[in-house]
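Line by line, the protein sequences give chains A and B.
Going by this note's numbering, the first sequence opens with residue 9, and the numbers climb by one from there.
Going by this note's numbering, the second sequence opens with residue 9, and the numbers climb by one from there.
Warning: the hint list may mix true and false statements.
Since the list can't tell identical chains apart, any single copy or any two copies may satisfy a pair.
[Stated by the list, open to error] Straight-line C-alpha distance at most 25 Å; calculated PhoX-like pairs for lysine-lysine:
(1) Lys269 with Lys234
(2) Lys234 with Lys264
(3) Lys146 with Lys52
(4) Lys161 with Lys198
(5) Lys345 with Lys88
(6) Lys289 with Lys264
(7) Lys88 with Lys198
(8) Lys146 with Lys269
Derived from the structure by calculation, the hints contain no laboratory data.
Protein chains: 2
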Amino acid sequence: MKIILDAMGGDNAPDANIKGAVNAINKIKAEVVLVGKEEIIRSKIKEFYGKGMEEISERLKIYNSTEIIEMEDQPTVAIKQKKDSSMVVGFNLLKQNKGDVFISAGNSGALLAGATLLVGRIKGIDRPALAGILPAYKKQLILMDCGSNTNCKPINLLQFAQMSTIYIRNTFGIDKPAIGLLNIGTEETKGNELVKESYRLLKENAEELDINFIGNVEGRDAFSGKIDAIIADGFTGNVFLKTTEGLGKLVKKSLKESLLKNIISKIASVPALPAINRFSKTMDYKRYGGALFLGVKKPIVKAHGSSDEKLFEYTILQAEKFVENKAVDKMIQAFDKNRN
Amino acid sequence: MKIILDAMGGDNAPDANIKGAVNAINKIKAEVVLVGKEEIIRSKIKEFYGKGMEEISERLKIYNSTEIIEMEDQPTVAIKQKKDSSMVVGFNLLKQNKGDVFISAGNSGALLAGATLLVGRIKGIDRPALAGILPAYKKQLILMDCGSNTNCKPINLLQFAQMSTIYIRNTFGIDKPAIGLLNIGTEETKGNELVKESYRLLKENAEELDINFIGNVEGRDAFSGKIDAIIADGFTGNVFLKTTEGLGKLVKKSLKESLLKNIISKIASVPALPAINRFSKTMDYKRYGGALFLGVKKPIVKAHGSSDEKLFEYTILQAEKFVENKAVDKMIQAFDKNRN
Chain A
9 MKIILDAMGG DNAPDANIKG AVNAINKIKA EVVLVGKEEI IRSKIKEFYG
59 KGMEEISERL KIYNSTEIIE MEDQPTVAIK QKKDSSMVVG FNLLKQNKGD
109 VFISAGNSGA LLAGATLLVG RIKGIDRPAL AGILPAYKKQ LILMDCGSNT
159 NCKPINLLQF AQMSTIYIRN TFGIDKPAIG LLNIGTEETK GNELVKESYR
209 LLKENAEELD INFIGNVEGR DAFSGKIDAI IADGFTGNVF LKTTEGLGKL
259 VKKSLKESLL KNIISKIASV PALPAINRFS KTMDYKRYGG ALFLGVKKPI
309 VKAHGSSDEK LFEYTILQAE KFVENKAVDK MIQAFDKNRN
Chain B
9 MKIILDAMGG DNAPDANIKG AVNAINKIKA EVVLVGKEEI IRSKIKEFYG
59 KGMEEISERL KIYNSTEIIE MEDQPTVAIK QKKDSSMVVG FNLLKQNKGD
109 VFISAGNSGA LLAGATLLVG RIKGIDRPAL AGILPAYKKQ LILMDCGSNT
159 NCKPINLLQF AQMSTIYIRN TFGIDKPAIG LLNIGTEETK GNELVKESYR
209 LLKENAEELD INFIGNVEGR DAFSGKIDAI IADGFTGNVF LKTTEGLGKL
259 VKKSLKESLL KNIISKIASV PALPAINRFS KTMDYKRYGG ALFLGVKKPI
309 VKAHGSSDEK LFEYTILQAE KFVENKAVDK MIQAFDKNRN
């Protein structure tokens with residue numbers, strides 16, 4: 009297996025990308041191909057580790073590319089014009105089967121545009137979408153769409169439910185993942201027009217499409233551990249995701265400040281630190297890795313733009329698992345079957 | 009001042025309502041009028057405190073009503089037909105100036121319908137809406153609309169911004185409260201049609217309407233303490249609110265379980281408990297009380313349906329402050345001025 013990593017994308021590129029790859033390489037069996045400016049990558053490795061790349065691992069590779077898609081670049085234009093950018097080169101390697109999965113923390117719009125333009129949609133799927141992984145009680149919660157489709161139709165939400173089901177079944181080994189529709193009440197009559205119509209469509213088609221649709225889910229029950237995936241249009245899903253992130257930040261900051269408020273609480277908190285760290289780890293959505301862009305013909309992982317070396321490491325481990333489980337192939341088969 | 013409390017509304021009524029009123033009475037100057045079945049209320053007080061109501065405080069009163077609007081009642085029908093319900097009687101006392109604020113934890117739909125039908129909208133306001141209070145970094149965050157208007161137009165969001173401004177200025181003493189529009193990115197071009205058009209309207213009218221509009225706000229920055237109010241349609245606002253509640257529950261549960269995981273962490277966490285409790289208190293959105301229904305001619309507070317005695321106590325304290333600051337009168341004046 010070959011994992012293609014955009015070495016030049018993200019707020020902390022290329023340092024965090026390179027360090028993340030080095031951290032991950034001995035925890036995986038796959039090769040990691042760093043796509044970017046070869047000279048820079050080689051000199052950074054020398055600087056960080058005092059030795060050459062080949063001495064670190066023979067499974068660590070470089071594929072040279074000379075351009076970079078910047079955060080402020082207009083997505084579609086950048087994908088079309090920057091032909092030798094790390095992102096476009098990465099996509100082309102993936103398309104030509106010179107790699108099995110592509111990871112990038114770069115310009116999100118360009119990543120989604122490139123995925124559709126260069127790799128292509130799976131037949132039968134109208135809108136690919138981002139499936140994010142969030143923490144929930146003693147397990148993870150998949151959220152789809154995390155924000156790639158601001159305006160959705162009910163058919164899109166139905167397909168998100170199908171894709172989530174196939175992904176979760178083949179990655180987490182849950183045979184009948186519980187899929188909920190994000191809404192503001194559990195009753196059928198609740199919500200705006202989009203969710204009401206989506207509810208109807210999901211209910212009607214759940215059995216035939218092998219979706220374990222459990223109905224409407226409110227945000228307050230989303231993290232209970234009883235739901236495997238939450239389906240929403242990209243606007244609502246993104247509000248949900250970022251609210252979770254925002255409150256997570258507040259929790260960390262407030263807990264830290266409460267513990268360090270004065271010298272007494274500082275000393276008193278020392279014995280409790282292992283437990284508190286265990287708690288912080290549970291709450292850290294980042295440790296699950298990036299978001300998967302489902303609905304395109306090859307595995308593509310959108311790493312967080314602010315990824316540090318630890319997060320790149322997690323995302324690489326996650327990507328290997330994602331490829332191993334062949335969720336994308338199974339998605340292609342399932343949607344092909346539905347069409348016949 | 010007289011605070012009218014629906015003694016029969018809410019999941020824990022009438023016990024929690026009565027206990028909350030008794031807890032609050034010596035912390036406020038106002039009278040509290042318990043509206044509900046007099047016989048039941050009197051016997052409960054006797055049971056809980058071993059003495060009569062008059063012996064507890066002469067500012068604690070009862071106003072008898074014989075019916076109850078149940079959670080499953082159809083809102084508008086219930087308001088029209090159950091004329092002697094605690095909720096309708098409470099509204100009528102408020103309307104007839106026999107009280108200054110009405111608090112209820114009962115059927116939300118009926119409360120909102122009754123507020124509009126029996127008390128009436130302020131002239132110039134198209135849609136009254138619920139303003140909720142959430143925890144943020146070292147301060148509170150107002151969220152409007154929390155869920156009373158599932159389908160909104162841009163003009164509604166503009167009015168929510170005006171109402172929030174007047175409310176915050178007159179309750180928290182912040183002269184120019186920072187008002188943000190809930191969106192999935194900070195750029196002007198982000199979001200669905202409603203938020204894009206609302207952004208334009210807010211920007212155009214902010215100066216004239218004395219709104220300190222700071223632009224789009226993402227959920228991840230909402231709790232930073234830099235924003236005083238977040239404006240959203242009721243669907244998106246309710247998703248935001250309930251996500252906050254859901255994650256809050258997960259945080260509490262996970263922290264508790266981490267601390268109690270084994271005997272070592274149990275013992276180790278004891279000295280840190282004051283700090284951890286301080287943290288839990290910061291995160292508890294309930295301690296801010298209920299949500300205010302702004303845009304109607306009199307102060308109305310929607311207490312949480314699951315209110316316990318502590319929460320009723322908080323909500324009564326909050327209601328007294330709300331009346332003292334005359335935010336509703338100032339809202340009536342401001343919208344009257346805008347119309348001329």
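Tested hints:
{"no.": "1", "hint": "Lys269 with Lys234", "verdict": "between (36 Å within a copy, 21 Å between copies)"}
{"no.": "2", "hint": "Lys234 with Lys264", "verdict": "between (30 Å within a copy, 19 Å between copies)"}
{"no.": "3", "hint": "Lys146 with Lys52", "verdict": "neither (39 Å within a copy, 42 Å between copies)"}
{"no.": "4", "hint": "Lys161 with Lys198", "verdict": "both (17 Å within a copy, 19 Å between copies)"}
{"no.": "5", "hint": "Lys345 with Lys88", "verdict": "neither (33 Å within a copy, 54 Å between copies)"}
{"no.": "6", "hint": "Lys289 with Lys264", "verdict": "both (14 Å within a copy, 14 Å between copies)"}
{"no.": "7", "hint": "Lys88 with Lys198", "verdict": "between (43 Å within a copy, 23 Å between copies)"}
{"no.": "8", "hint": "Lys146 with Lys269", "verdict": "between (30 Å within a copy, 13 Å between copies)"}
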